[in-house]
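*Asks:* So the chains spell out like this:
Number of protein chains: 2
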Amino acid sequence: MKKNISRRSPIGVFDSGIGGLTVARSLFEILPGENIIYLGDTARLPYGTKSKETVIKYSVEITKFLLNKNVKMVVVACNTASSVALPYLRKLTSLPVIGVIKPGCKAALKETNNFKIGVIGTLGTILSYSYKTQIHKIERETEVFSKACSLFVQLAEDGWTDNKIAKMVAKEYLDEFKRMNIDTLILGCTHYPILKNTISGVLGKKIKLIDSGEEAAKEVKRILEQEDMLNNQKKNGVHKFYVTDFQKKFKEISERFLGQPIHDVKKVKL
Amino acid sequence: MKKNISRRSPIGVFDSGIGGLTVARSLFEILPGENIIYLGDTARLPYGTKSKETVIKYSVEITKFLLNKNVKMVVVACNTASSVALPYLRKLTSLPVIGVIKPGCKAALKETNNFKIGVIGTLGTILSYSYKTQIHKIERETEVFSKACSLFVQLAEDGWTDNKIAKMVAKEYLDEFKRMNIDTLILGCTHYPILKNTISGVLGKKIKLIDSGEEAAKEVKRILEQEDMLNNQKKNGVHKFYVTDFQKKFKEISERFLGQPIHDVKKVKL
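So the protein lines, in turn, are chains A and G. Under the working numbering, the first residue of the first sequence carries the number 1, and numbering increases by one thereafter. Under the working numbering, the first residue of the second sequence carries the number 1, and numbering increases by one thereafter.
Don't take every hint at face value.
For identical chains, the list gives no copy identity; a pair is met inside one copy or between any two copies.
[Stated by the list, open to error] Simulated crosslink set (DSS-like; lysine-lysine; CA at most 27 Å straight-line):
(1) Lys57 x Lys269
(2) Lys164 x Lys147
(3) Lys57 x Lys248
(4) Lys91 x Lys57
(5) Lys178 x Lys137
(6) Lys64 x Lys269
(7) Lys248 x Lys137
(8) Lys167 x Lys147
(9) Lys132 x Lys248
(10) Lys52 x Lys251
(11) Lys206 x Lys167
(12) Lys196 x Lys171
For the record, the hints were derived by calculation from the structure and aren't laboratory data. No experiment lies behind these values; they were computed from the predicted model shown.
Working from the sequences, and respecting the hints, build out all of it.
*Replies:* Right, here's the structure in full:
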């Protein structure tokens with residue numbers, strides 16, 4: 001009983017949890033007319049510590065859920081899922097499936113002058129080498145320096161985003177990037193844009209920060225334009241949120257990530 | 001095809017992940033002759049952010065797994081599961097099911113002189129009020145001060161246990177306990193014993209730290225003695241480890257928590 005896909009169909013976005021709301025936020029800003037369905041797999045987060053097979057399995061389940069909601073496109077906001085699951089998700093549908101890795105890499109390569117690029121993310125993302133591999137696919141002669149910044153996720157969720165501890169942790173993680181003389185740093189985790197000010201405070205203004213989620217949102221716009229599938233309604237799109245579990249402090253954290261109050265959250269079983 | 005339970009049957013221990021290895025470590029030390037089966041639900045960690053219903057469901061599944069392995073007792077090393085699941089697990093078996101909350105509270109009440117007790121744990125544990133409720137059940141006239149120390153888990157896993165950041169984070173979380181004049185602090189999370197030195201460095205020697213996991217291990221010994229079920233073999237017991245997913249850096253982190261190399265880890269599907 002699937003209806004036809006039209007330009008008014010929603011964009012489906014998913015993440016392992018609430019981090020992907022920073023990607024949703026970028027989509028809201030760049031494409032205010034689009035209807036968006038967001039699913040956060042809060043019952044099974046985090047993905048970063050899980051095996052490839054498990055992350056693929058979960059991502060396939062969620063993509064099927066979104067396709068059943070008649071989305072016109074799937075955005076994988078989660079870096080870990082983007083690293084490992086895209087080919088498997090593309091087998092499920094002929095609709096566009098966009099991850100955050102490639103848009104982040106393309107933007108970084110457009111920005112860099114000295115072709116020394118830093119990448120920060122969760123341990124899972126960094127150990128997958130997905131950013132490094134993607135950058136080298138596009139431009140082999142690039143030096144890529146990667147680092148897991150595990151504490152940033154908890155700092156972002158706790159709202160410790162620009163206190164002295166956040167600054168000290170950022171300094172501890174990031175100082176070496178200055179020594180490596182990078183001119184561009186990819187924020188390879190959906191939580192990290194929340195710490196943007198602190199990160200650029202440590203690195204200085206000469207190092208340009210690339211927000212993968214924001215770049216993915218721009219890519220979504222490009223593809224929808226290309227395929228003549230933009231929702232050009234005048235009013236704001238409808239935004240629906242699904243979670244697989246009601247996380248503690250969900251409202252408080254989600255509003256910090258989304259930059260606005262969140263309404264209409266439903267719990268679903270996949 | 002269940003065999004009979006005997007004194008040589010193993011003790012079953014479970015946790016949402018690797019944190020419970022600090023409890024296993026206490027069991028190894030206090031009861032070296034016991035055979036122990038440990039299950040870490042690494043595919044579905046953390047429990048602290050999940051709903052009560054979800055944590056109960058997972059705990060029931062794991063307890064059934066352990067009972068099928070013919071354990072003589074179940075130890076719930078996870079604070080979150082201990083908070084909410086014990087009554088449901090006790091419906092599954094007439095064997096002893098031990099959590100970490102009650103032993104921790106009893107030990108703290110034995111230790112305190114001024115009946116001002118602090119409790120630290122994950123957000124889930126603190127919001128469940130399980131330590132506070134349990135302390136008041138035993139001794140109503142106790143002042144209990146609780147605080148979630150979310151960053152401690154990641155610090156323990158990353159091995160940032162006594163650097164300047166760990167010290168500053170500990171100071172930020174714990175300074176107020178000194179103002180509240182507590183004389184006893186319960187470490188209500190399996191990860192926190194890894195930070196014991198840093199925590200007592202901030203609080204000073206006058207405030208006694210209670211490790212809930214260690215107290216649970218002592219309780220296990222008491223019950224086995226009482227029921228004449230101690231494994232009094234001369235050689236060391238056999239220790240088996242199961243996980244529901246192979247976590248990144250499992251070996252490195254688990255050895256830090258267990259205090260010894262870990263062998264014979266199997267992945268299981270529940």
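*Asks:* All the hints need checking, so say for each whether the structure fits it.
*Replies:* Checked hints:
| no. | hint | in the structure |
| --- | --- | --- |
| 1 | Lys57 x Lys269 | both (15 Å within a copy, 14 Å between copies) |
| 2 | Lys164 x Lys147 | both (21 Å within a copy, 20 Å between copies) |
| 3 | Lys57 x Lys248 | both (25 Å within a copy, 18 Å between copies) |
| 4 | Lys91 x Lys57 | within (13 Å within a copy, 33 Å between copies) |
| 5 | Lys178 x Lys137 | within (25 Å within a copy, 56 Å between copies) |
| 6 | Lys64 x Lys269 | both (12 Å within a copy, 23 Å between copies) |
| 7 | Lys248 x Lys137 | between (40 Å within a copy, 26 Å between copies) |
| 8 | Lys167 x Lys147 | both (17 Å within a copy, 23 Å between copies) |
| 9 | Lys132 x Lys248 | between (34 Å within a copy, 19 Å between copies) |
| 10 | Lys52 x Lys251 | between (30 Å within a copy, 18 Å between copies) |
| 11 | Lys206 x Lys167 | within (18 Å within a copy, 31 Å between copies) |
| 12 | Lys196 x Lys171 | both (13 Å within a copy, 25 Å between copies) |
In terms of the numbered hints stated before, the structure departs from none.
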